[in-house]
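Participant: Sequence:
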Amino acid sequence: PATGETVTPPKRKPGRPKGSGKKHFLTTDEPKVKRPVGRPRKDGLPAGSLGVIRRSRRSSGDGTVEPISAPQPRRRPQPQCQGFTQWRNVSTDAVDDQQQSTSKRAATFAVEHTLEADDWAELSRTKPNAFLQNLLSSLSAPNPISTVGPSVEEAFKSNLVSLSSPQAKGSQSIPSLYSILKTFWLPSSPAYFSLTASASTARTPPEHRFLYWDPQPLVFNGISCPICSYPLLNKGRIRSGPIKVYDLDKPFFIIGCEYVCKSVPCVAATNSDGRKFASTDPSILRSLPAKLKDEFPARLLQGENDSGSGPLIWSWKDMGVSTALWNMVKGAMKLGLPKDTIIRLIRSIQAGIADETPQREE
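Just so we're aligned, residue 1 is where the sequence shown starts under UniProt numbering, counting upward by one.
Just so you know, the hints here were simulated from the structure itself, not pulled from any lab data. Please note that a few of the clues may not be correct.
Said to hold, decoys possible - Listed below are the simulated DSS-like cross-link pairs for lysine-lysine, each with C-alpha atoms no more than 30 Å apart in a straight line:
1) K250 x K339
2) K330 x K250
3) K339 x K127
4) K250 x K127
5) K291 x K244
Working from the sequences, and respecting the hints, build out all of it.
Facilitator: What follows is the structure in structure tokens.
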């Protein structure tokens with residue numbers, strides 16, 4: 001200092017100075033981690049770990065097997081050691097592969113238990129004809145048996161005779177059923193009147209319902225061929241048999257007519273008899289006026305082409321349902337009712353339900 005005075009250092013305190021003991025040097029070595037206890041496994045999983053938990057498939061009372069879900073393996077925290085990294089990767093891959101295979105098995109079981117025909121709501125939107133076919137299979141039943149009076153086959157033959165007219169085939173005369181009775185339905189009568197009728201009275205109509213569908217004479221200028229627009233010839237009633245239509249009550253039967261196109265293109269494309277149509281074919285129904293088409297009371301199966309008038313179709317075959325039954329089924333599906341419930345509902349309407357008499361309290 002400029003003053004020349006000397007500065008005495010401060011007196012050291014007694015004891016060893018701080019930091020004079022053992023020195024701690026920084027090291028880059030990682031702490032050693034002990035290997036897991038146990039012998040290495042043969043399946044690739046680490047020692048001491050748990051394998052994939054497998055759940056047994058439960059079988060219900062009806063013999064079906066419930067689908068299994070992909071198991072969730074229990075994993076323990078594993079030490080991050082370089083020597084253990086390879087084992088950890090192998091075990092993870094093995095678990096992922098097992099999860100994928102189990103998921104595939106679960107998906108397979110789900111497909112086997114989900115029947116397309118049972119999902120009526122989806123089937124009616126995507127494949128309406130397949131839905132109608134499935135509905136007919138569910139409602140399939142033999143022809144009704146007569147309580148009294150003629151059988152359904154005898155009633156069909158009797159109705160063919162009553163529909164005969166002295167006019168030649170191909171004429172456009174209106175049947176008396178349309179011109180006089182103003183109806184498409186042939187006469188029918190409850191079974192009671194056949195039971196009480198005497199031999200002196202007139203013939204009692206059968207209890208079975210028949211619809212006669214011959215729209216050509218009801219259309220001004222007739223019906224043209226859907227293929228070539230040539231006028232169709234009316235060949236009269238189809239005699240091989242009617243087609244069957246299921247209703248909310250007993251089924252009814254449709255007696256159809258055969259229409260033929262004799263134009264040169266249609267004869268060349270088919271044979272000398274010409275191209276034949278049935279009065280219920282979709283192409284014929286589409287050519288009718290809207291009011292007349294609405295009078296047809298059934299929803300029939302429709303293929304890629306017209307069914308025609310052949311005996312393979314017109315032989316008491318199940319071909320459709322009534323408009324009332326169709327609307328009821330569509331309404332039930334819109335409300336979310338499943339297939340089995342709808343079928344039971346229809347069966348209850350057809351067969352009836354016994355009234356439960358309330359018990360009187362004493």
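Participant: What's the verdict on K250 and K127, does the C-alpha distance respect the 30 Å limit or exceed it?
Facilitator: 27 Å, holds
Participant: Taken at face value, is the distance from the CA of K244 to the CA of K291 at most 30 Å?
Facilitator: 24 Å, holds
Participant: For the pair supplied as a hint, K339 and K127, is the alpha-carbon distance within the 30 Å limit?
Facilitator: 16 Å, holds
Participant: Could you grab the alpha-carbon distance between K250 and K339 and see if it respects the 30 Å cut-off?
Facilitator: The given pair, whose Cα atoms are some 21 Å apart, holds under the 30 Å limit.
Participant: Check the hint pairing K330 with K250 against an upper bound of 30 Å on the C-alpha distance.
Facilitator: Distance of about 20 Å is within 30 Å: holds.
In summary, this structure violates none of the numbered hints.
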